[in-house]
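Number of protein chains: 2
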Amino acid sequence: MKDFRVSKDDELSLTQQLVNGICRWIEARRIRPGTRLPSIRQLARDKQVSHSRVIEAYERLVSLGILESRQGKGFFLAEPLAAQSDDAADTPQVNDASWQPLTQPSQDRLNLCCGWIPDAWREPQVVGFAIRQVTRTDPDSLFSYSSPLGLPLLRQQIQQRLERMDVRVGHEQILTTQGVSHAMDLLVRSLLKPGDCVLVESPGYPNLFNLLQAAGVRLLSISRTQDGPDIRRLEALLQEHRPRCLFINSMYHNPTGTSLRPATAHRLLQLAEIHDFHIIEDDTYADLHNGAGIRLASLDSQNRVIYVASFSKTLSGSLRVGYLVSSADQVRRLAQFKSVTSLGTSRFVESVVATLLGNGAYRKLLQRLRERLDKAMAQTLRHLEAYGWETFAEPVGGMFVWARCAPFGFARLNQVAAACGVMLSSGDAYYLDGQDSDWIRINVAYADDPRATAFFERLAAERDRQPGLKCSAAGDSGYSLSAAD
Amino acid sequence: MKDFRVSKDDELSLTQQLVNGICRWIEARRIRPGTRLPSIRQLARDKQVSHSRVIEAYERLVSLGILESRQGKGFFLAEPLAAQSDDAADTPQVNDASWQPLTQPSQDRLNLCCGWIPDAWREPQVVGFAIRQVTRTDPDSLFSYSSPLGLPLLRQQIQQRLERMDVRVGHEQILTTQGVSHAMDLLVRSLLKPGDCVLVESPGYPNLFNLLQAAGVRLLSISRTQDGPDIRRLEALLQEHRPRCLFINSMYHNPTGTSLRPATAHRLLQLAEIHDFHIIEDDTYADLHNGAGIRLASLDSQNRVIYVASFSKTLSGSLRVGYLVSSADQVRRLAQFKSVTSLGTSRFVESVVATLLGNGAYRKLLQRLRERLDKAMAQTLRHLEAYGWETFAEPVGGMFVWARCAPFGFARLNQVAAACGVMLSSGDAYYLDGQDSDWIRINVAYADDPRATAFFERLAAERDRQPGLKCSAAGDSGYSLSAAD
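Read top to bottom, the protein sequences are chains A and B. First residue of the first sequence: 1, per full-length UniProt numbering; consecutive thereafter. First residue of the second sequence: 1, per full-length UniProt numbering; consecutive thereafter.
One or more of the hints may lead you astray.
[To be verified] Label-pair distances were calculated between CB atoms; the ranges are:
no., chain 1, residue 1, chain 2, residue 2, range
1, B, S7, A, H266, 38 to 46 Å
2, A, H266, B, P118, 54 to 62 Å
3, B, R168, A, I55, 40 to 48 Å
4, A, R244, B, S327, 31 to 39 Å
5, A, E235, B, R36, 57 to 65 Å
6, A, Q435, B, A28, 48 to 56 Å
7, A, D166, B, D10, 39 to 47 Å
Rather than coming from a laboratory, the hints here were simulated on the basis of the structure. Think of the CB as a built atom: it goes at the ideal place given N, C-alpha and C, for glycine as much as any other residue.
Start from the sequences, fold in the hints, and give me the full structure.
Encoded structure:
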């Protein structure tokens with residue numbers, strides 16, 4: 001525990017300094033529950049304080065539920081630790097597979113289904129540079145409230161980025177939000193009322209289902225196909241229902257990784273016109289896009305599309321910066337709502353993102369990230385094929401492959417994964433009706449980890465041992481399909 | 001415009017570098033609308049680029065609405081500037097005096113009624129130190145999503161602070177939010193439904209009125225007296241209505257600056273028990289408190305009080321960190337709602353605040369801030385008395401004095417203020433019914449500015465000139481009252 005010092009000159013008591021220092025040490029080193037803390041004697045010697053100080057500090061931490069004392073054995077990190085008591089006992093009972101990966105300690109297991117890039121791909125020096133620059137040179141961003149629409153400089157940068165994607169809008173049509181979920185919440189609150197009917201894709205994003213269900217909205221589901229939402233099903237639903245809007249991922253759909261075909265996109269807009277509904281285009285994975293791709297917002301000339309995106313998947317999920325694009329009138333109403341419900345977003349983090357967009361660092365970071373993801377995607381698809389997995393589609397980019405490995409259901413996949421040190425999330429939550437699913441969402445950025453490889457190999461071996469089943473190295477997907485049915 | 005350089009080696013075009021650089025310069029130097037920009041020739045020479053590059057950049061800025069070109073005279077900062085087009089034209093039409101000061105350019109006028117501390121009182125080195133420390137040492141806070149309840153280390157620090165105020169709660173009873181408004185929004189959404197009836201103080205916080213009205217809730221107002229809400233009026237209302245909750249500031253009420261008397265606090269809790277309603281104690285100004293003071297949350301033993309506070313008034317309004325305290329069950333439900341509606345708060349800014357709380361810097365910063373405010377409060381009360389203003393009460397601390405200067409109504413106050421370079425906000429918005437008010441909220445931190453002094457003097461002189469009216473230097477408040485009626 002060399003990370004901290006205690007001093008009599010500090011205004012905090014020695015005990016409190018010890019308590020704070022130990023907490024920081026636990027957080028910084030990601031100490032695991034059950035780990036034994038240094039003995040009282042040892043810590044007292046290290047920090048040059050009396051034994052009674054250390055005992056007091058340890059006891060305070062026990063009373064906080066952070067440590068536990070085991071008779072005659074010493075003090076141990078409690079299970080659940082304060083950090084994890086949020087993350088396990090206190091975790092909201094949300095019908096959402098994505099929460100588990102968000103909130104469970106993953107340091108010991110490979111989180112193969114998670115929705116973010118690996119630690120090693122993060123670029124702390126790039127983000128840190130912008131943070132230091134804003135901190136040093138922009139005291140207003142450090143201290144002042146933001147204006148209702150969000151930092152003008154950031155909105156101008158976003159406008160330029162949109163223009164490069166052929167989405168031409170004025171800066172008054174852009175509203176910054178605390179991320180995509182916040183944008184969705186503002187939209188749901190301002191566009192929908194209980195009992196309204198909306199269209200969602202299934203499989204789709206579980207947190208969106210939760211948000212809409214919390215708003216008392218009726219959800220109609222459309223299957224996601226390789227080309228986008230199932231247009232026939234959509235047309236049939238539109239004969240009977242009058243939905244207010246359709247929620248969709250155009251590019252790199254979560255969880256299937258599929259992207260809209262141009263003809264599907266065009267037809268969607270036609271249907272939105274004819275049946276008078278809005279399309280809410282969630283482009284969370286926009287910036288992972290490498291090359292040509294279709295966005296409804298770029299095709300739209302009738303203000304049918306409300307576009308939503310964020311910097312959470314590329315820069316940082318912690319900063320909480322996203323935005324939405326709609327008509328100027330709508331944006332003005334949403335800005336009012338944003339102000340009343342949160343006094344606005346953080347000018348500081350918006351200025352950090354604007355700095356990264358303005359100085360070209362974001363563009364370069366994206367280049368590196370896309371190259372890594374493209375490589376990982378190609379490799380993962382090869383591996384999955386070799387190990388006899390079935391993929392829903394071959395994504396042209398992004399982070400996710402939706403795949404299954406017949407004849408195994410999720411329970412067995414998860415057992416084998418756990419034995420290999422891999423954590424999986426069930427695909428069930430991605431279906432609106434929570435149906436049993438043998439599909440899982442694989443994050444390609446983690447798929448070449450040795451633990452993932454061990455998982456794939458062990459599963460293939462297990463299948464080979466089953467009578468009548470054999471894993472072809474060439475990936476006999478027809479075969480595995482029939483075994484799955 | 002020495003703040004930036006352009007280079008052919010940059011991946012952005014020279015024109016775009018100019019555009020970005022000029023925008024940063026405008027923001028950093030707070031250039032005022034109508035200011036003439038450097039001539040094309042001069043900027044081209046400074047930046048060693050061709051004239052056509054500068055023309056292109058200026059024209060792009062014109063097309064963005066940031067500059068305007070005046071025939072034969074050059075380029076000028078447009079009115080409204082992009083920054084201010086949000087802040088004026090795009091500003092939500094919110095019935096809230098506090099928005100104007102939030103969003104209007106104030107660099108040229110003294111914002112005497114605003115709700116934050118002066119630039120010169122900010123402590124960028126203290127906040128900057130914590131930001132750099134988190135950026136350098138805590139990559140998880142820089143990149144990862146937060147857990148639903150908020151950063152455990154911050155919640156532990158908050159728990160300790162509450163304990164020093166005699167509010168004893170477990171860490172599972174604390175939920176971090178994006179500030180007090182966000183906390184209020186979560187509470188309103190989870191506790192209230194349209195048609196429910198709630199109690200608010202009037203005068204009171206306009207944004208709270210807006211939030212409750214947006215939620216379709218019926219508002220019953222109770223006058224704020226020097227001792228807290230008018231208990232007789234409250235008792236009378238409780239004979240006829242069944243309110244779900246009462247919203248209140250215990251300490252340093254906004255806008256009157258008054259604090260609860262212990263007997264009032266005790267009676268409020270009794271009434272909440274008898275009539276089965278919750279009290280939502282908004283303690284936004286908690287940390288400006290210097291010495292003894294009463295909180296409902298510290299008296300409460302029956303889970304009647306939900307406590308809400310933030311670091312916006314002391315550390316930074318930009319970081320957006322606040323919290324609420326309630327029963328563990330309630331907090332768990334609110335955490336779920338927080339997750340679904342925003343995927344959680346920013347771990348980065350929470351870690352910055354936890355650092356400042358943990359290393360003692362926040363406590364020292366508060367000490368300095370309180371000393372400044374106490375001095376400013378005493379001086380402002382002296383000045384107001386000398387200039388013949390009537391004060392609603394003599395606040396024991398905090399930021400605000402609620403005052404009026406008979407016989408002048410707001411319109412005349414505002415005219416004189418404008419002539420002295422002072423910006424005022426009308427007191428009307430603080431009343432639930434938007435009644436005409438001659439009271440204004442004075443922020444004592446700005447009251448010794450020469451522009452404020454000029455305003456007070458000029459007003460006193462004007463009163464002296466009016467027949468039958470005379471400004472007594474000793475502050476004959478009975479006299480000015482009679483003139484006002």
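We went through each hint and held it up to the structure:
The hinted range of 38 to 46 Å is satisfied by B/S7 and A/H266, whose Cβ atoms lie roughly 43 Å apart. Checked against the given bound of 54 to 62 Å, the beta carbons of A/H266 and B/P118, roughly 56 Å apart, stay inside it. For the hinted restraint 40 to 48 Å between B/R168 and A/I55, the CB-CB distance of approximately 22 Å leaves it violated. Range check, A/R244 to B/S327: about 36 Å between beta-carbon atoms, so the 31 to 39 Å window is met.
Restraint check, A/E235 to B/R36: a C-beta distance of roughly 59 Å satisfies the suggested window 57 to 65 Å. Taken as a hint, the range 48 to 56 Å holds for the pair A/Q435 and B/A28, whose Cβ atoms sit roughly 55 Å apart. Separation of A/D166 from B/D10 is about 24 Å and departs from the stated range, judged on CB atoms against 39 to 47 Å.
In this structure, the earlier hints numbered 3 and 7 are contradicted, and the remaining ones agree with it.
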